[in-house]
Each structure stands twice: as structure tokens, then as C-alpha cells.
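*Asks:* Respectively, the protein sequence lines represent chains C and Z. For the first sequence, counting from 1, position 28 maps to 28 in the working numbering; every step adds exactly one. For the second sequence, counting from 1, position 588 maps to 588 in the working numbering; every step adds exactly one.
Since the hints were made in silico from the structure, they are not lab data. Note that the coordinates shown come from a computational prediction; the quantities given were computed from them, not determined experimentally. Cβ coordinates follow ideal geometry from the N, Cα and C atoms, glycine included. Fair warning: there could be bad hints in the mix.
[Claimed, not checked] Subject to a maximum C-alpha distance of 16 Å in a straight line, what follows is the list of computed EDC-like cross-link-like pairs (lysine to aspartate or glutamate):
hint, chain 1, residue 1, chain 2, residue 2
1, Z, Lys63, C, Asp65
2, Z, Lys62, C, Glu52
3, C, Lys172, Z, Glu100
4, Z, Lys222, Z, Asp170
5, Z, Lys63, C, Glu52
6, C, Lys172, Z, Asp23
7, Z, Lys399, Z, Glu324
8, C, Lys172, C, Glu52
[Claimed, not checked] Label pairs and their in silico Cβ distance ranges:
hint, chain 1, residue 1, chain 2, residue 2, range
9, C, Asp108, Z, Asp5, 46 to 54 Å
10, C, Tyr88, Z, Glu60, 34 to 42 Å
11, C, Val33, Z, Ser80, 17 to 25 Å
12, Z, Glu100, C, Asp108, 36 to 44 Å
13, Z, Glu60, C, Lys63, 23 to 31 Å
14, Z, Thr140, C, Lys7, 48 to 56 Å
15, C, Asp65, Z, Ser80, 31 to 39 Å
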Amino acid sequence: MEANLFKELNLPLDRDIFLRNLLRELSGTLEEVIGKEEASGFISIVGQHIGEWINDEYKNTLKTDSLSFEQICNTLVDLKQRINGDFYIISADKDKIVLGNRSCPFGDKVIDRSSLCMMTSNVFGTITAENNGYAKVALHETIATGKPECRIVVHLTNNEISDEDQGREYFKS
Amino acid sequence: MQPSDFQIFADALPEALILLSGDGSVLSTNKCAKRFLSNRFNSIEQLKSLNDLVNNDPEEIKKSLRAWSRSRTPIPAVISWKSEKEFVDSNWRCQAFMIEPAVKNNPAQLIIRCIPGRGQLSEFTLLNAELEKTQNTLKTLLNTREALEKEHELATVTLKCIGDAVITTDNIGNIESLNPVAEALTGWTNKEALGKPSCEIFNIISEITREPSPDPIQRSLKENIIIELGNHTILISKDGTEYVIEDSVAPIRNKNHEIIGTVLVFHDVTAKRLALRQLEYLALHDTLTGLNNRHYFEQELFKAVDLAKRGTLVFALLYIDLDEFKAVNDTAGHSVGDNLLTEVSQLFSSRLRRGDTLARLGGDEFGVLLQNINKEQIEKTAESYKQALNDFQFTWKDKMFDINSSIGVTIIDNNINTAAEALRQADVACYVAKQKGRNRLHIYAPKDDRKAMQLGEVSLISKLNNALKNDSFILYFQPIIDSKNIKTNYFEVLLRLKDDDSIITPNIFIPVAERYAIMPKIDKWVVVQVIKLLEQKQYANCKFSINLSGASFEDEDIITFLSKKIKNNTALSESISFEVTETAAVTHIEGTADFMHSLLPYGVKFALDDFGTGFSSFAYLKHLPVDLIKIDGVFVKDIAHDPADQAMVRSINNIAHSLNKKTIAEYVENEEILDILKDIGIDYFQGYHLGKPDTLDKHLVFEEVKLA
Numbered sequence: 001m002e003a004n005l006f007k008e009l010n011l012p013l014d015r016d017i018f019l020r021n022l023l024r025e026l027s028g029t030l031e032e033v034i035g036k037e038e039a040s041g042f043i044s045i046v047g048q049h050i051g052e053w054i055n056d057e058y059k060n061t062l063k064t065d066s067l068s069f070e071q072i073c074n075t076l077v078d079l080k081q082r083i084n085g086d087f088y089i090i091s092a093d094k095d096k097i098v099l100g101n102r103s104c105p106f107g108d109k110v111i112d113r114s115s116l117c118m119m120t121s122n123v124f125g126t127i128t129a130e131n132n133g134y135a136k137v138a139l140h141e142t143i144a145t146g147k148p149e150c151r152i153v154v155h156l157t158n159n160e161i162s163d164e165d166q167g168r169e170y171f172k173s
Numbered sequence: 001m002q003p004s005d006f007q008i009f010a011d012a013l014p015e016a017l018i019l020l021s022g023d024g025s026v027l028s029t030n031k032c033a034k035r036f037l038s039n040r041f042n043s044i045e046q047l048k049s050l051n052d053l054v055n056n057d058p059e060e061i062k063k064s065l066r067a068w069s070r071s072r073t074p075i076p077a078v079i080s081w082k083s084e085k086e087f088v089d090s091n092w093r094c095q096a097f098m099i100e101p102a103v104k105n106n107p108a109q110l111i112i113r114c115i116p117g118r119g120q121l122s123e124f125t126l127l128n129a130e131l132e133k134t135q136n137t138l139k140t141l142l143n144t145r146e147a148l149e150k151e152h153e154l155a156t157v158t159l160k161c162i163g164d165a166v167i168t169t170d171n172i173g174n175i176e177s178l179n180p181v182a183e184a185l186t187g188w189t190n191k192e193a194l195g196k197p198s199c200e201i202f203n204i205i206s207e208i209t210r211e212p213s214p215d216p217i218q219r220s221l222k223e224n225i226i227i228e229l230g231n232h233t234i235l236i237s238k239d240g241t242e243y244v245i246e247d248s249v250a251p252i253r254n255k256n257h258e259i260i261g262t263v264l265v266f267h268d269v270t271a272k273r274l275a276l277r278q279l280e281y282l283a284l285h286d287t288l289t290g291l292n293n294r295h296y297f298e299q300e301l302f303k304a305v306d307l308a309k310r311g312t313l314v315f316a317l318l319y320i321d322l323d324e325f326k327a328v329n330d331t332a333g334h335s336v337g338d339n340l341l342t343e344v345s346q347l348f349s350s351r352l353r354r355g356d357t358l359a360r361l362g363g364d365e366f367g368v369l370l371q372n373i374n375k376e377q378i379e380k381t382a383e384s385y386k387q388a389l390n391d392f393q394f395t396w397k398d399k400m401f402d403i404n405s406s407i408g409v410t411i412i413d414n415n416i417n418t419a420a421e422a423l424r425q426a427d428v429a430c431y432v433a434k435q436k437g438r439n440r441l442h443i444y445a446p447k448d449d450r451k452a453m454q455l456g457e458v459s460l461i462s463k464l465n466n467a468l469k470n471d472s473f474i475l476y477f478q479p480i481i482d483s484k485n486i487k488t489n490y491f492e493v494l495l496r497l498k499d500d501d502s503i504i505t506p507n508i509f510i511p512v513a514e515r516y517a518i519m520p521k522i523d524k525w526v527v528v529q530v531i532k533l534l535e536q537k538q539y540a541n542c543k544f545s546i547n548l549s550g551a552s553f554e555d556e557d558i559i560t561f562l563s564k565k566i567k568n569n570t571a572l573s574e575s576i577s578f579e580v581t582e583t584a585a586v587t588h589i590e591g592t593a594d595f596m597h598s599l600l601p602y603g604v605k606f607a608l609d610d611f612g613t614g615f616s617s618f619a620y621l622k623h624l625p626v627d628l629i630k631i632d633g634v635f636v637k638d639i640a641h642d643p644a645d646q647a648m649v650r651s652i653n654n655i656a657h658s659l660n661k662k663t664i665a666e667y668v669e670n671e672e673i674l675d676i677l678k679d680i681g682i683d684y685f686q687g688y689h690l691g692k693p694d695t696l697d698k699h700l701v702f703e704e705v706k707l708a
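Please build the complete structure, drawing on both the sequences and the hints.
*Replies:* Rendered as C-alpha cells:
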């Protein structure tokens, strides 16, 4: 009787909220204990492994050995939408893809957890570099740092513009 | 990059750098990395691949190699380094990154960078280690605190419960604490005394001079040593009560050996001191008359003989025997006889000159030691004692008794060698005076010896010596009945001297044997005979209580003999026990206690005989390890008709039981007495009603008939 009443309680708790909170707490602890820079390094490794996995999934599903430029653009937007992000392409050319994001997959749990942005950087960087041979991901604006939207540039070639931009480089492994 | 180029720039760097190909082959290491690897591996020449260096799973390494190949920015390298050596410096943080090939299309290379001072997850490790350390410290602190609290509680409870008084002071001698016993003895409460100078609270004087004693606390602080209080210290409490105390003060030092205070521990020995004084008094005085006793008199006589031998002084010894005392005792009773003795004592005491010694030597015999007297005065003085008694009339219930005396006199000059000789001469002279018709005095002359020998105790001594030589003493046995056991196998051993066709009883020969110091020999003879009996099968189950005289307790020969016998046959301690009279025990208290303690380890039991008539004091029971108290028969024989006697027996029995000692009542002469004694709770009975002194065989035959 009482168990049924509990099921109807309006609580902000489900698996998704739980996992997001878990990630927020883990990254928060990591940042506090070893510092933001070091935490970003660790999250980069995780991000790269996730990126490798997602890249393999898209390649297998699309039955291709390497994603094309268009497929890369669509993969970056699609993967985020699947995990509750709201990414969209602002511009795309042979040198770079500029993406916007209105909603972070981590929701409001990302605020003040900029190390978590390394997930996006590494997932985007790994997928792009594995298929394009090179990528440099620059996080110009992020919800984590309090901006209303994210603005992310994925450089596809190593040139003067990409050199001047602050970001992380990724190469085909 | 060529390995040689790598080394040129990398050797100069302070970080350990390992150059790897994309597949994990080790291409080169800089100097610092060589040192880093040498600390872990016996030979670094053999290390060809990253998998040779690490514990990580090869698949995991493959994945990591791909991740590192992707990034020119150093990213954390999660590496678990192998080690072939026992000590490993694990505090390293590793990162890895890719370096682009100088020639396009050549494979990329990787560099692993090991930064000293911080290892992978070192912050976690450090944090955890720190946390663990803090927790351990906290735990230790908590445990220590708990242990300290327990210690403190224990110390406080101990101090409160301890029977000794304890005072602690600070390092200048001001009071810090008093335990309850210290509060009671000083009359100050802990609160009142706090911070006051110790001398104000611990106010002590010398028992002898009554002058203030030096403050032991200040002395202990000054000299940094343990100070024992003097033997005669009296503590005066706040209300003026005085306590005789004993014990010590010790400085309290901290771990650097600096004095931080003192602890004074003392206890009240007033009762002990009074008991000791009482014992000293009892040992040297006659309780009935308050005069000195024979023991004291002999000590004084010994000193007198010593002085006389040097020719410095002449003494005289008067041996006074009351002629009509027996008549008073027989017609008016013992208590009237006791009154007579007390009045005569007062009469004699009033005649003493300064330096003279008067003592009751036993029964109706008195001794006077006249000091520094010339031969002309001796007879005159002795005569005055006789005359004083002639003039004295003792009255009881309108009946008057004329009391006379026979006085033996001996002169103690340099012709006398020992105190015993002086006493014997005076005794002989007294004997002669009696022979001449009583109420007269006689001064000893050597020819008196023969006369005495013919008729008196000298002949008795000869008989005693002969009996020892020829085994002509006779042993009689009187049963002692256990209130809880119907079987009779416990007997008091009694001694008789055979004299032609008659028997001489111990009350005749023992005083003489004691005077001539042959009692230890007689005691030894009895013990030997009893041991012989026990060796015979028919007597093996019997138990015997043997009387020992006080003199035996100070006789080395008999002590050694008994110890040896019992050590060689420990079963003897089950079969024989010893009796000593209350008077003998107290007058030889030290020797008696030593003797008893020497045989206690073998389980030998001791009984105190004739209890209640001697000193009527339980004080010395604490000093003598006796197991049985034999209540004197004078309290028992009239117990059925005398409530005072019954109360006396009941109280002796109660006190004895409370001291874990058993009781024996003697003079059980009829069933009525026995019933009363059973009702009181006496443990053993002895008396004519239960069995007269007789030969052991007769008792055992009777026992067989009784049981059949």
C-alpha cells in the first residue's frame, strides 16, 4: 500500500538524473583533488575511448571504413542529440566545422565543471581525426563556464588559423 | 626523430623521457629515464618494448598507444611500472604525447614523460595516506585519552579506597590533594588544604621529645630523595587528636627527572603501637597484681649478678613464700585468694627503696631484689618484710586471716656466678625457713644445699634427670572429642614422673624443671616417645597434642630436632600438634612466634592452652599463628550455674571463630556442661566426663567397645 504511494511521489530522481549527478560529483572531486588541468587530462583519455567507440559504431552502421566530411558533420550533431544535447551546425567548410549547442547532455550539472567539456573535445577530436587524419577542437564558449550556449570549432586542417586558435589537436592513431 | 638526436636534447632535461614508436617499441631513453629504469630493473639493455616495462594488460597498452598517438598535448599516461627490485620510488606522474614525424608519411613517435614528485593519482594517494595518518593519529589520541582516563579513574579509585593516607604536593611543598584517609587523619578536607603549605596540614612532632619534627616534604624536595618518617612520629590533627604514624615521602619527577612535587604516604599505627606496648607490658608484668613478673625479675637479677661480679655493688635477693595462702584459697575461693595476693603486693610495694625490684614469681611466691645494700642491713630489711606481713591482717566476710611468710635470703656478691644460682640459693633458703617451722627468714649457707637435696627440689631434679636417662616418665593420654565426629582418636599427651611406687604430677615437677632449665629436654623426650608410638601400626591413626614449655621455644636444639623430624616425615604434621600456655607464649612471644612460623610451612598446628586466665587479651593472637584456643577450665567447670562464666566462654568462642581459630573446652565434667558447650558452638571437648587421663591402650580398647 505504502510502496504504491511512494511510486507516485514527484521526485527529481531517475536513472538519467542519477548518472548525471554521479558524473558531476566524480568530476568535481577530481578537479578538487588533482586540479582542473590534471582532471581534464584524465577526462580526455575517457573522451578518446568514448570517441573511438562511437566512431566505430557509426562506421559499422554506415558500413564504411572512413566517414566522409558530411558524415563527420552529421555524426557530431547526431551523437549529441542522442544523448540529450542540442548541437547544430553553424558553418562547415573544408577547413573547419563550427558548431553551436543550446543544451548540454549533462544538463545543468555541467556548470562549473569545465573538465567535463573535455568529453566533447575528445569525442569530436577523436572521431574527426580518425576519419580526417587531423583535428583541433577549440571550445570558444561553454555552458559550463556560464555561457547560455556552447560554441565549438573543429579545425580540419593544420594551418595558420588553426595554429592561432586555442584548442587541442588530435591525430589519426 | 633519430634516437641519437633524441638523446642530444633529452639528456639535458631533468625529466625521464622514453621515446617509443607508435607500436610501443622502446627507441631511446634519456639519462634521467635510464636512472629511473635502473632503479626498477637489473638490466635495462633487455627492455625492448613498453610491455617489458609495465604491468598493464597489453590490450590496454595498445589502446593507450592509440590515444597518445592522437594527441600532441601531453595527456596522463596510466602506467603501472614493473619492478625487479625491492625498493621502488613510486612517486612519479607520467604523461604521454605524440611527436609528428619530421618526414611526412613516416610513422609518428611517442614520448612518455615521467615527472618526479607526483605519481599517478598521487594526490589521491597522498590524500588517502594523509587521511589515514590523521585517522590513525586521532585513533591513537582517542585510545591514549581513553587509557589515560581509565588510568586516572583507577588511580583516583585506588587513592580513595587505599587504607593508607596519601598527600601530594607541588614542587614547593604546597598541598595538591589529600585522599579520604589523609583527610580523616589530618582533619583537613581536600578543599581546605588545597594550596596551603604542607607543614600546616601535616603537623608532626616527635613521640619522645614532643618537639616539632623536621618537615619531610621540604627535605625530600631539597635533597631529591625518598625520606622515611622517623619511628616515633606523631601527627597532630586539626582538632588536636594525636596519631602515631609511619611511612615515607618520595619526590615525583617528570620524564626529564625534574621534581614536580612529592607524594607522602603514611598510615596510622596508633593501635599497633598500643598493642605493642600492651604486649611489652604483658610480657614483663603479672596481670593480677600489676607487679613485675618472673621474666622481668630474672632479667634484673641477671644485671645485678653482673654488677656484683665486678665487685661494684652488693645485692640481696629475698624469696618470699606466703605460709597461709593455700588455706585462704581453699576456704574462701580463688577470687579471695587473688584479693589477698593483690593486697600483699601493695604492702610489699610500699616497703621498696629506690632501685629495689619486686616481682610475683608465681603462685604465692614473691621476689625482692635489694640493690646496693650492706650485709648488716640485709637481715634487718628482710625481717621488716616478714614483720610487715605479721602486722597485716586480711579480712574477708568478717573473717580475719593472719598471713605469715617464709623468707629465703641470698646475698649477691662476687661469689655468685649466675642469676639462676642466686634464685636457686634463695629458693633453698626459703625451703629451709619453711622446714624450720615457717614465719621466719633464713639466709642461705652452702650447707643448706645438702638439706634441700635430701628433701627438696634438688632431689626432684635428680629424679627428673634419671627419668630422662632411663625413660621412666610415663605418658598418659586424655581424649579430645570433636563435636562433629563420634570417633575418638585425638589425645592430649600428659606426662607423669614415676617415683618408686607413687606418681609425681607435672604441677610438682614442671616448675622445678623450668627453674633448672631441663624442660626442653623433657619436651624433646615426649616428642620422641610420641613419634615412636605413631610408628606402631595400632596407633598410626591417632592424633596427639603435645604440651611444650615456653623455654623450649627458645631452645635451638629442640627447634632443630623438630624441624628435622617433620621435614623428613611431613605426615607427622597431620598426627601431632603442639600446645603452649598463654602465659608461656606471651612471656616468650618472639621465640614462640619464630618457632611457630618455622613449622607452619609443614602444616603443623598449634593450640594456645589455658586461655583466658593469663592476660585475657586477644591482641597477641594476631602475632601468634595458633589454630586452636583451649579455653581454661575455670570458666567451664561452673558454666552450668554461673552466667558470667557462660558469657565468658561464649565470647571467647565467638572471637576465636571470627579469627578463624577453633576452640577446645576442658574440664567437661558432666553431660549438662557438655550440652551447654555444644549449644555455644565449641569445636572440641575434653574432660573427665569424656575420658580421664589414662594409658593409650585403655582408651583404644574402650573406643572399640563404644563403636561396636
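*Asks:* Next, verify each hint and record whether it holds.
*Replies:* So, going through the hints one by one against the coordinates:
no., hint, in the structure
1, Lys63(Z) / Asp65(C), "violated (19 Å)"
2, Lys62(Z) / Glu52(C), "holds (13 Å)"
3, Lys172(C) / Glu100(Z), "holds (11 Å)"
4, Lys222(Z) / Asp170(Z), "holds (13 Å)"
5, Lys63(Z) / Glu52(C), "holds (10 Å)"
6, Lys172(C) / Asp23(Z), "holds (14 Å)"
7, Lys399(Z) / Glu324(Z), "holds (14 Å)"
8, Lys172(C) / Glu52(C), "holds (11 Å)"
9, Asp108(C) / Asp5(Z): 46 to 54 Å, "holds (51 Å)"
10, Tyr88(C) / Glu60(Z): 34 to 42 Å, "holds (37 Å)"
11, Val33(C) / Ser80(Z): 17 to 25 Å, "holds (20 Å)"
12, Glu100(Z) / Asp108(C): 36 to 44 Å, "holds (40 Å)"
13, Glu60(Z) / Lys63(C): 23 to 31 Å, "holds (29 Å)"
14, Thr140(Z) / Lys7(C): 48 to 56 Å, "holds (49 Å)"
15, Asp65(C) / Ser80(Z): 31 to 39 Å, "holds (34 Å)"
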